[in-house]
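Residues per chain are reported as follows:
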Amino acid sequence: MRAGLFFTAALAALSIWNSAPASAETIHVVIDKVAYGPVNISARVGDTIEWSNKDIVAHTATNRDKSWDYMILPNKKASLKLTKAGEIDYYCKFHPNMKGHISVK
Amino acid sequence: MKFNRIAVAFASLLLVTGAASAQGAKPNDAQIAHIAYTAGLADIANAQQALKKTKNKEVRAFAQDMARDHKAVNDKALALVKKLKVTPQDNDTSKSIAKGQADARAKLSKLKGAAFDKAYIANEVAYHKTVNGALETVLIPSASNAELKSLLETGLKIFQGHLEHAEHVASELK
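Taken in order, these protein sequences are the chains called A and B. For the first sequence, the residue numbers in my numbering are 1 to 105. For the second sequence, the residue numbers in my numbering are 1 to 174.
Here chain A stands alone, though its shape is the one from the complex (with noise of 0.2 Å):
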């Protein structure tokens, strides 16, 4: 019986917890030999990007549309935390022949 009783009050834990939305996540972009990679990334509303530079200059990740422009040092990370959906066009504006791509929905 009690692990009868058990099993049922796992088993709804476990639909509950799949129920759930899906939690935010943070998405890796590494920045490397000049160029993001992953140049095209799909998020959700609400998970975070982070950018880590490996190369031995600085970089900056800097959205088309001017709202958010991050300078990334050497060795350095840098994020953003994604509030609404859309299409952004970003890149480097010390090398702009770095490009990238987010899809927020």
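Source of the hints: derived by calculation from the structure; they are not laboratory data. Just to be clear, a hint being listed does not mean it is correct.
[What the hints assert, rightly or not] Covered stretches of chain B, as calculated for chain A (at least 3 residues, CB under 8 Å): (1) 57 to 71; (2) 145 to 159; (3) 163 to 171.
We put the CB at the ideal spot given by N, CA and C, even for glycine.
Put chain B on the given structure of chain A with help from the hints.
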């Protein structure tokens, strides 16, 4: 116009170097390291001159980026040649780069304000085109050490970024 002539003269010098390398006299790693380092130093000197003379916010930001990036790449190059126990070797290409950019700065020193800004950025566009071309066609293919080749390849991507940045600043100055 004067700056274009300097850039063309410098480009022809590098073409000559390129022609010589096609005939089997390709630069060795000690010469390649010297050429890359000298090219970086020249652009740092160009940036320092611009920082003294310009009042334009975008031109100033560009010059600061050049000074910072070329120092970072040159510091890495110095650490690498030390590790590889290679002594950078002076050569005609290094000499022509140093002289070409010293001559460009001498001409730029006579200009002021918007005329200086335009001429400085025009020289940066031409200079980065020339150096990037030399990296692609002569220096990277000639490099024998894998770490040196890799640093030059990363350097080329950084400098291609500088070229795009310079072209953007040039279009804003018009």
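Verification of the hints:
Remark: the segment 57 to 71 of chain B is confirmed as covered by chain A, as 3 of its residues place a Cβ nearer than 8 Å to a Cβ of that chain, reaching the required three. Here's how the segment 145 to 159 of chain B fares: 4 of its residues keep a CB closer than 8 Å to some CB of chain A, so the rule of at least three is met and the hint holds. For the segment 163 to 171 of chain B, the stated coverage by chain A holds: 3 residues have a C-beta nearer than 8 Å to a C-beta of that chain, and at least 3 were required.
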